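4 protein chains.
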Amino acid sequence: MSSTFGTLFRVTTFGESHCKGVGAIVDGVPPRMALTEADLQAQLDRRRPGQSRMTTDRKEQDRVTILSGTENGMTMGTPIGLFVANRDQRPGDYSEMSRVPRPSHADFAYQTKYGIRASSGGGRSSARETIGRVAGGAIAEKWLRETFGTEIVAWVSSVGEIDAEAVDPLAITREAVDANEIRCPDPAAAERMISAVAAAREAKDSIGGVVSCVCRNVPPGLGEPVFDKAEAMLAHAMLSIPATKGFEIGSGFSGARMRGSQHNDRFVAKAGGLGTLTNFSGGIQGGITNGEAICFRVAFKPPATIGLAQETVDFEGAPVVLEAKGRHDPCVVPRAIPIMEAMAALVLADLAMRQRMRAGT
Amino acid sequence: MSSTFGTLFRVTTFGESHCKGVGAIVDGVPPRMALTEADLQAQLDRRRPGQSRMTTDRKEQDRVTILSGTENGMTMGTPIGLFVANRDQRPGDYSEMSRVPRPSHADFAYQTKYGIRASSGGGRSSARETIGRVAGGAIAEKWLRETFGTEIVAWVSSVGEIDAEAVDPLAITREAVDANEIRCPDPAAAERMISAVAAAREAKDSIGGVVSCVCRNVPPGLGEPVFDKAEAMLAHAMLSIPATKGFEIGSGFSGARMRGSQHNDRFVAKAGGLGTLTNFSGGIQGGITNGEAICFRVAFKPPATIGLAQETVDFEGAPVVLEAKGRHDPCVVPRAIPIMEAMAALVLADLAMRQRMRAGT
Amino acid sequence: MSSTFGTLFRVTTFGESHCKGVGAIVDGVPPRMALTEADLQAQLDRRRPGQSRMTTDRKEQDRVTILSGTENGMTMGTPIGLFVANRDQRPGDYSEMSRVPRPSHADFAYQTKYGIRASSGGGRSSARETIGRVAGGAIAEKWLRETFGTEIVAWVSSVGEIDAEAVDPLAITREAVDANEIRCPDPAAAERMISAVAAAREAKDSIGGVVSCVCRNVPPGLGEPVFDKAEAMLAHAMLSIPATKGFEIGSGFSGARMRGSQHNDRFVAKAGGLGTLTNFSGGIQGGITNGEAICFRVAFKPPATIGLAQETVDFEGAPVVLEAKGRHDPCVVPRAIPIMEAMAALVLADLAMRQRMRAGT
Amino acid sequence: MSSTFGTLFRVTTFGESHCKGVGAIVDGVPPRMALTEADLQAQLDRRRPGQSRMTTDRKEQDRVTILSGTENGMTMGTPIGLFVANRDQRPGDYSEMSRVPRPSHADFAYQTKYGIRASSGGGRSSARETIGRVAGGAIAEKWLRETFGTEIVAWVSSVGEIDAEAVDPLAITREAVDANEIRCPDPAAAERMISAVAAAREAKDSIGGVVSCVCRNVPPGLGEPVFDKAEAMLAHAMLSIPATKGFEIGSGFSGARMRGSQHNDRFVAKAGGLGTLTNFSGGIQGGITNGEAICFRVAFKPPATIGLAQETVDFEGAPVVLEAKGRHDPCVVPRAIPIMEAMAALVLADLAMRQRMRAGT
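Residue numbers (my numbering), protein chains in the order written: chain A, 56 to 416; chain B, 56 to 416; chain C, 56 to 416; chain D, 56 to 416.
You may find that some hints are simply not true.
Claimed, not checked - Okay, derived cross-link-like pairs now, DSS-like style, lysine-lysine, Cα gap no bigger than 30 Å in a straight line: (1) Lys259(D) to Lys380(C); (2) Lys259(C) to Lys325(D); (3) Lys75(C) to Lys75(B); (4) Lys325(C) to Lys325(D); (5) Lys325(C) to Lys75(D); (6) Lys325(D) to Lys75(A); (7) Lys325(A) to Lys380(B); (8) Lys259(A) to Lys325(B).
Hints are computed from structural coordinates only; laboratory data are not their basis.
Keep in mind it's a predicted model, so treat the numbers as computed, not measured.
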């Protein structure tokens, strides 16, 4: 279980790295919305490996097919089946895995949980699982955009020890983000980040990073008090992405160092009602969106697969030296961007649906 | 909706700060477990305000009553109803709220969402809502302790700019945590934290902080891959606690600055199977517990209610200067400890139940 | 688990027959709806035992208290806690139960499932559990009535072999139903039913019956295709009521004996759009309400508790002759009426909420 | 939403009659179970149209492909994606549907609900949707069979006014059911049923029927008290099948005509514990299985699509005479058998999983 995310707008994913393909069923999509494969492909292309020196060389087309739920390019209100075939399968690369659990991979945990695991690739812990999320999230995002004008943009704000200069969350665009291959809108920092990734690759090592995300034009009133607060749903969504280690919203951990008189977001009159002067709250107060931009950051660890020799033990506890072969991302943050945008869209669409039922009262 | 947390072990809370009381229904509690009010009261007492100079002076007994689900001190497998009466109601303190949304409070967001809100206190956003969680979590924790020997301990690791020295997560106890009123097991840091809180109170201001938590003796194999990863459920649970701004597990945001060769947790032979030499993963790999201690940290913002004058606007947008009166916590982190422990227990009990169905296979 | 019913408008019940009380948390109630205890008490009074010769003599007040979720008689959009204290506890009546599972009761099944069961009364299988449903259903019904003008009326259509004459589902009222103590609007049949119940009581036996229900002014478009069809949700709700053995909607089992040319409901122009000339569909087509009256019937078995001597065995398999003492309903159908109305209201309110999210599209 | 059924063992279906195909994701399947397409195909073949004179002539292969979740013929504990391509699409047959809602079809209800509907075929209300259920149910059934020895057999017990002689639910087999094309194990009645269906076809009409089902070797203790009683889940599952109008378990509606002294199932010592002498309860007491055979019956209406001319109105209310062309089942009950068996298996597997979490206590 747990391959389903969402209450009303819900995506259920299937597929692992080396079976016939991956996909999703997206249920709860409103009827009478124009939708074709082209609406989904752009974000899938941004997620796809092999786009730049930053990512693995594995070449896959990742063309999505809509299996059901639309007719003549319109949604019917019925579940939308999505499928992307797996093409490039090289099971031979993974043979050592059968007796040695790779450090900081899911091998040991899966084996303990299920008593079995995929003999090649990471099974459901593979990055390919996120294809279903990105495709489903693209539908959610299109609906949010057309209904509320919502814009969701994520960007790389740090790689290793290199931090980007502050980015204006109210102005940043996907075009600016995609202007370089590391997807950091601070060009000077981007250069250094690209070098850092290249150095990690050169050293047969990997490197972590942080991705920031903003959601603009989110209507106020979304988020369900108590357990399904908007920030709790976002945290859930983000920490479900492979390789994530942390989430912060608004002021985040730096807010814990502040005083209330600094941190409180005072209200001011704005066009269309009240707004806040500052946004340490990150667009959410009491678990409910307040109409300001939702801003959050997610930490990604360095990928666990590295070419460097690692001392570890096999499943029987015997010492082993492991050296990964094959193709591996030295840094996941550029490709994490469309995944984070997709998960944010899924959360917001679901919360918007949940709020709609109160609309008529 | 969303007053329910959990899939199999689930708690549903009700009540706001100034109605007849607060409570919870805990469903999915295994039968034949010894359980009386005394099992729940200890953590409720730790959560209760008025215990020290650190917290509000509001005096409440917060005595819990088990309404249903047990007979002769044993659980029956049926839902356990829990109730705590509200005693100390002073609605007069909150009169200005009706026309002025308090900065960084939930007033504006609730009004926008529901078109109505509690005329006094914070309604469901009040800290009293967490009583139901603490009571429900105490049941979960008792079951985990008796079934697996699980121990959950949280402590204050920073207040404002003051950081505690590193604490050994494998050794820390609740007794050590409760040795001082700020609940920081580093005595020197604790003294400075207490002073910092006192200074904030003196200044009619408030101050933020960070709480760390460790869960020991958690069986490996818990956590549902993809959307309900163990860390995703923990992040969801923690960000659902009022005033939280961030969550990190294991290496957290500092892991994003590391290389894979530093960050990978190499396997070693341990009594009873494999373990890891380091624990940057924080006890979870691929969303599944690996048997190592689960370690995470949660950021709390400074409380929004401060006595200092604040320039803001009323619901109509007219400028107003707001000065909170009455009793308010200048710092929530000491009282957040039993709430975090309760939410962690609810997550782990639910995941343990979800894993049990695979046990016989 | 499973003490919760509904997706968006959801009720979670707690309590058994002989603990402190029973109640419910109703989540998803729209805000800004006038609501006081008086709105709930009427249906609780109709459910209460001891109203007539038809039911057990047990006297209980069953006064409901709203614990949370309203202020000044208005709902806040927050969960509504409901509680009814247990007053009349006579555990002594049930002593033999500890070693003999009563035939056709839940004793054996509970013991097998949980390894423990309530030492007195039926625990969660007691009819008192339905108090929480009736109270929660009264809120759902009030919202449906105020929003759509929905009317829900159930009546006794048979007791044992005595069938009432056909009742006009478009005209029947609760007043007409309550005109006699068996709650059958056919006065001649009602007389005979009352005699049949009296005869069963006299014979220390019990007797079954059928309750019909109509829901009028239900908007078209409710019901979720595939698994949560409106009739599937109603069947689920009705078969969750103790002592039920069957459910049929519209033509029901008699429809299985018909030809399509007889059974098809032809469309005709009606005020406000299309309607159907006949209503063999029972107001639902393809799982979705069509605006016609929803008509269904539910079969209730004769109560299992009878005073007549019964040959059976104890938990060890040794022969025993069992004779129930104490107070018992010889026929449950009159009291089942408000429970069925409550469950129907819960289903329709939930489906209406689920449809609302599509309203704006 | 609502394309998902089940809590722990859950199936999510997608696809309509005339898109690329239909399928399902089955989540919660235990790991390390042998599973290939051959395990699913048998029941799909029994469901497939075009097998006999009894059903539509439409020829489809309905070959299922497992897209994910297995490796080397073993389940991995991960979601199993299933797909069946649509081959035989004749959209031309349905042109009149665009302006005339077919009587007792879902056209009007879907249009009202969604503001759009499939231009050909029934969309999600098409019988092809049940392919995903049958495939998913076959997995559930295999697991139940291998784990508990559970056997599920359904058979036609009436067609129109023709009733089969009583069948022994403890002895009936699928082989006996499939011995004739109407799938009624009473050969004399089967002959008359076949003639009745032929007569209905001849008359361009259709005819209803009843299907009985037995589940043997179901462990005691399954079913969640209160809302998710075993019979409530079965009723939900069965009424979610297209064209169903009623459900009864054990004594059903005839039980409502009985006295308690007749109806009570007295306990007797049996090998392995207690059993009951009679089984009016239908294998379930207090919502929980008691180890006896689960017996229930489902009423199916005559198919709405008939060749006979029908007077009705179009969407604007103007009178129209409708005559269906093309291929249509005059009677659905033979093909309903594998669908009912699948839904029963899904319910029981889910309840078994839910009970497993209590196993260790």
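Can you confirm whether the C-alpha distance between Lys259(A) and Lys325(B) stays at or below 30 Å? Distance of about 29 Å is within 30 Å: holds.
Pairwise hint evaluation, Lys325(D) against Lys325(C), where the allowed Cα distance is 30 Å at most: Violated - the C-alpha atoms of Lys325(D) and Lys325(C) are around 61 Å apart, more than 30 Å.
Would you check the hint for Lys325(C) and Lys75(D), treating anything up to 30 Å between C-alpha atoms as holding? Not OK: Lys325(C) and Lys75(D) at ~38 Å, beyond 30 Å, violated.
Taken at face value, is the distance from the CA of Lys75(A) to the CA of Lys325(D) at most 30 Å? 50 Å, violated
For the pair we were handed, Lys259(C) and Lys325(D), check the Cα-Cα distance against 30 Å. Status holds; Cα separation ~29 Å.
Pairwise hint evaluation, Lys380(B) against Lys325(A), where the allowed Cα distance is 30 Å at most: Satisfied, since the Cα-Cα distance of roughly 28 Å is no more than 30 Å.
Under the criterion that the straight-line Cα-Cα distance not exceed 30 Å, is the pair Lys259(D), Lys380(C) satisfied? 60 Å, violated
Does the structure keep Lys75(C) and Lys75(B) at a Cα separation of 30 Å or less? Distance of about 17 Å is within 30 Å: holds.
Hints 1, 4, 5, 6 from the earlier list are contradicted by this structure; the remaining hints agree with it.
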